[in-house]
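Starting from the structure of chain A, add chains B and C where the hints point.
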Amino acid sequence: MARIGVFLCHCGSNIAGAVNIPEVAEAARRLPQVVHVEDNKFTCSDPGQAAIQQAITEHQLNRVVIGACSPRMHEATFRRTVTGAGLNPYLLEIANLREHCSWVHPDQVEEATAKAIDLVRKAVARVAWQEPLTPKHVGITRRALVIGGGIAGIQASLDIADAGYEVILVEREPSIGGHMAQLDKTFPTLDCSACILTPKMTMVGQHANIKLMSYSEVEDVSGYIGNFRVKIKNKSRYIDMSKCTSCSECVKVCPVELNSEFDENLGKRKATYIPFPQAIPNKYTIDKRGYPPCRVACPAGVNAQGYIALISQGKFKEALEVLRRTMPFAGVCGRVCTHPCEQDCERGQVDQPIAIRTLKRFMADYELKTGREKAAPVEMTKEEKVAIAGSGPAGLACAYDLVRQGYPVTVFESAPEVGGLLRYGIPEYRLPKEVLNNEINYIQELGVEIKTNTPVKNLTEIFDEGYKAIFLGTGAGVSQKMGIPGENIPGVLHSLDFLRQVNFGVKVSLGSKVAVIGGGNAAVDAARIAQRLGAKEINVVYRRSRAEMPAIPSEIEEMEREGIKIQFLAAPVKVLSKDNRVIGIQCIRMELGEPDASGRRRPVPIKGSEFTIDVDNVIMAVGQGVDKATLPEDLDYTNWGTLCVDPVTLQTNIDGVFAGGDVVSDPADVIAAITAGKEAAISMDRYLRGIDMEEGRPETVKRVEEVSKAGVISKARQSMPTLGVGKRKGFDEVELGFDEKTAVEEAKRCLNCAICSECRECEKVCEPEAIDHEMQDEISEEDVGAIVVATGAGPLDHTQFSIYGGGVHPDVVSTLQIERMMNAAGPTGGEVVRPSNGAHPKEVVFISCVGSRDERTGTGYCNKVCCMVMAKQAIMLKEHAPDTHSYIIYVDARGPGGKIFEDFLTRAEKEGTTYMRGQIDSVAKQDGRLLISGQDFLSNETFNIPADLVVLATGLMPNEDAARLFQTLHISYDAKNFLLQAHPKLRPVETAMDGIFIAGCAVAPTDVPESVTQGGAAAEYVLKLFSQESIEAEPMTSIVDIARCTGCLLCQQVCPFQAVEAETLRDGRTVASINESLCKGCGICVAACRPGAIKLRGFSDQQILAEVMAL
Amino acid sequence: MKSEYQPKVIGFLCNWCSYAGADMAGTSRMRYPQNIRIIRVPCSGRVDPLFVVKCFQRGADGVLVSGCHPGDCHYTEGNYHTRRRFALLREFLDYLGIAKERMRVEWVSASEGQKFADLLSDFTAELAGLGPRSKILDG
Amino acid sequence: MDKELIQQIRDKARNLLEEGTVEGVIGYERASDGVTSRPLFVYNPSDTERLIYDETCAHNLVKYLLDKKGKKMAVVVKPCDSRAINLLLNEGQIERDNVFIIGVGCPGMVETNWNHKSETLQAKCRTCQLSKPVVYDFLAGGEIERQAEEETYSDITEEEAKSVATRRGFWLEQFGHCIRCYACRQVCPGCYCPVCFAERLDPLWLGIRIAPEENDMWQTIRSFHLAGRCIGCNECERVCPVGIPLSLLNRKLEKDVKELFAFQAGLDPEEKPPFATFKKEEVMEFEK
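Residue numbers (the working numbering), protein chains in the order written: chain A, 12 to 1122; chain B, 69 to 207; chain C, 108 to 395.
Hints in this document: simulated from the structure, not taken from any laboratory. The C-beta atom is built at its ideal place from N, Cα and C for all residues, glycine as well. Check the hints yourself; a few may be wrong.
[To be verified] Keeping only pairs whose Cα atoms sit at most 25 Å apart, straight-line, the calculated DSS-like set for lysine-lysine is:
no., chain 1, residue 1, chain 2, residue 2
1, C, Lys387, A, Lys987
2, C, Lys395, B, Lys183
3, A, Lys875, A, Lys921
4, C, Lys386, A, Lys987
5, A, Lys246, A, Lys263
6, B, Lys168, C, Lys387
7, C, Lys239, C, Lys224
8, B, Lys168, C, Lys395
9, A, Lys396, A, Lys468
10, C, Lys387, B, Lys183
[To be verified] Some chain A residues well away from chain C (every beta-carbon gap over 10 Å; in silico):
no., residue
11, Gln217
12, Tyr226
13, Lys299
14, Gly325
15, Arg335
16, Glu384
17, Val517
18, Val584
19, Glu706
20, Arg708
21, Arg714
22, Val736
23, Lys738
24, Glu913
25, Ala974
This is chain A alone, in the form it adopts within the complex (with noise of 0.2 Å):
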């Protein structure tokens, strides 16, 4: 039986003043299992609680219930006072009379007075079914987590270590410091930042209690205060830091450059850096950032943007060694490839893709200009020999990649002359011999033996001369027929034929009028050869528009630059003859319908439309297929009469038997051809070795995810030379290609997508082969006890405030520019300079709240350190060069910390800087300066200040990711990303969450010293949770009632905190079991519960409901 005493206080007159205290008192007097009740002037005063105690020890009271203000305000002083008479702290409920009663509803004392009763009854029946509860202990992990190596973690974490405990400080930029390492001087004391800085930061460096892990980031934390685990991420920096001996050699050869983010994009450092010479940890790091896109879209996964960093150094020899490492063909691919990258190009977002692969063929001119040293043999380490049929692109590629690797490799190629389609099926004009000899003579180079008249035609054979695996990749060498009338009249010949006879020098004579069938690239090559024969007058007839054409775009330029016409949407129908010669052919006109397998609109043919072309010659281009004949027995097709191979793997039926290129794919291009090549290497390496084909082959690259285009100035693609439309009588080359200056311009238009080219440089001159290109992300698991989140704030990007010039004008700068230039360390060497021409500025205007104490551009309060940071800059210009003088705009100048803070804006104001209270209207340009207009709210004239640089205070604000973090360590934080306290005034550097601290501009701006404070105060309240000796865990958590328990487990499901187990008993039958440790008490579970297995201690249904019927 419950005895429940209820103290009703006053609280001056801030409850009795809207509520009849007696009416209430009377009420609850006849309320069942109320023994005792009373009024109190102040219930939380000392005589108030000595009067609860006194009633308890007097009524024999256990349970109690008072009426006053909110729970949230003195719930814990109240048990306090219940547990100094005996009671059990959770034996108590307290009655909302005031936040919720008298001060919302002050005069209506009728109706005040009966909510309060409610209130009251409300509470009494509640605490009835209250039980005892008991707070568990848990140890603590005594080492502590400080997130964030800017100056307040780098205290906290000093004042941790120092105490003697562990500390793990984690920093995701490769050097710990923050924004005041970028700092030139600090206000007031204009102490060189550097100076009282990099001491702290050695320090940490070298403290034996703190172990820091920069360029690491925070993935995952669980469990709760004293026990936290947390999982950290170590990015890769590709560089072995106890290597490292920081030479600086990778730098000097490094061909990327980019903007420092140090510097704040006024200075620049390469794809390898260190931020600032005296960052801790002292190691370099080299920035990459996924894939590029260019070597995401080749088939092939050529390094594009690795050939042309190198080429925009002058490279051009290194250039070529990075796209020998995935494939040989710099010269082939540079003139016919389709050139798949530069549709993805990142820099055609700007203004057009880079000519990236004119680059890759000058790469080849270069070499051929120049003369290359014979290649050295590959050291032939395997065993297994390798037989390779078909010497085209995939069946050189392959060869390429397996003899790289130390296979013997042996060609055959059934033609007199090694090449496949490359050589016979190109004109010269767009590839000339010479370019393929010298990639196919580096191929035999390096070891490869090719055997040509050598078709291979029994598979065992091979086998038996004790080659163990073989590459088929013998082409698509048939030219398919129309099975039009007419088709097998001498005069109509076959675009493979035709170009195979030219290629090999056999005489082709063909008449004055040629039609040519078909829009691939073979009909383009057709077409222009039979006018290099001297035909006159040339059309080719292709059934679908322009836009489905298939060949390469600008060959299908140059053909009607070169006269040739094109008979769109027309097929033909028939040839027409007489005497077994061809006259004519008669064609019909099509109209696009609806698309088909293919996505592309299906031609469909317009009833009675025929007509005639009067031809000599008629060219069929419409398609080539594989030549059963010439292919080994015992192969399994398509039904498409190609070869049927394994999609991942490359082989076919026959065990240790692989192909690709066209005799797989049916005629695709020269990139697919050596993609495939490249892809049976890989099979068939694995195959030799007895590894698994599929499983753990190399993953497909991940493309970088965003490319700053941030400041990069538009221009123009380099145009190709061509060779005159005259000229061309010959099979001399169209495309002239780039000059060496040309290709340097070009290649330095590169945004460098994935910042590191992985062109490898670097690793040539690293001494103590620091340098690994293949390094991973390393994740790692600690334990602590307690953390201290200090992540920071930056200033808003000055360049969105384009209503001051932000972004618009070059010399309207940030003051954290203003202070990177002032450095002598700085981009400008310690100059203060214009952007826009390097110049000596005269005039300096300062604006101040940029996105502070404004809610559309930024924040809705003030930045705190604006208004000294503008003084210092304005006084410290002025001792830069005394002819300097500086405005400042101002809303409010204050100078926040008293003391020395406002004395410093005076002095400011004292050595010349003009102070003007008002608002900016415009930022403009006029005569090469700043013309900066608007009102002067004092004098209330407006102003017109012409400078030459605007120096824009712009507000702080965490980083957009700040969030992500936060919500992994479950603390709160605001709309601004700026985290939340437990509370403003009284809990500054506590969270909500136990064992969580946070400090410095992560909770709001905050100027140096401050974020001192605030990260000591934080390892404060860490060593305060150490020094105990364990801690006493909330008892309100959920427990199941196995007998209730079905085990849906839903609970589990719902539990944020993965508090919920599945436990399995003896009977065999599965529970939810509950881990107290990790339970926070929500109740999310208990809602969830259908049986009603799980109860909430100190909200549980039987309370809850008691309070819904008392009402």
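Chains B and C only, in chain A's frame:
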């Protein structure tokens, strides 16, 4: 007579946002109709639909379930469950003849004292417009 | 009666029992009235000859699996009933390895009464789109082409169009008939709490007296506990001795769950039910 009708409202408020928001209305001395009786729960996700049905069974004219704004739940996800449970329950009760206007689900943060007060005024007025329901018998 | 189909069921059942794959088979046999059918538990291979299957076999036998936890059982399952298997798998109430599912196609069940079967198809069968069970180990008789009407929920939308007061009146009258026999609960494959909320004392959610407000709460919570879980076998309505149109409640929830959360119970044993998950970005009516 109608002006004297005082609808009975029961509110389930989460401890961290909405209960604190109601406190904030109090500390800021905002006024709102006296009709609500607030039951404090740790999280709006603790509110079993059974409680709400029970309130209506017991004759409540309106029920409010209030929690932190989505994304701000003290327990990170509780209010997302609240949202689903009560979106469905509201429809179902309406179907059974308890107008959906009688049940509100609102997101009120600790700083939104004004929102809480406004919400109560609005809700009370709307319920007064609907007229009284006594226990089960009237919708 | 499809003789060949029944033979397949019998052969399979006998086979399973003889090989010891299962301990027992749950199927249907002819009831003593000679017209209707009733559930049959077969443990002896010779009894498999008693198994039948026809348009009177309405019972959802999946419910009985809950009584046979831990035992290896075979069960004859119609397309609609099969969704209950997925529900129970999802909720961890049965183990897939312990159940051998003899799936049967369904021509549609007819309304039956003692000693009498009508020609009329049950309402749920008229809109059933399933040509075979969604999960089975053996399919007796193959798939059955169905020419079902599309489920339009037209009866539900009709109700929804009425005024709140009209609906209140309608349901109060219906619930007024309820005698709280709990047959609807007993037959439901989704109702398996060891102690139903209706009979709980801690707290006492529901008074035991038969009174409109208690009946109302009983039916409200019974259906709501099946929200996103009811698989539509409609056994509750079939067994209700006083004829309360329970499918109007269950299908209202089914319709809303489909519309709000794009979920249908019992189709995929792995898919998370609507109250087990959420989408951060979803917006509900009261938030607009």
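* Hint numbers contradicted by this structure -> Result: no hint breaks.
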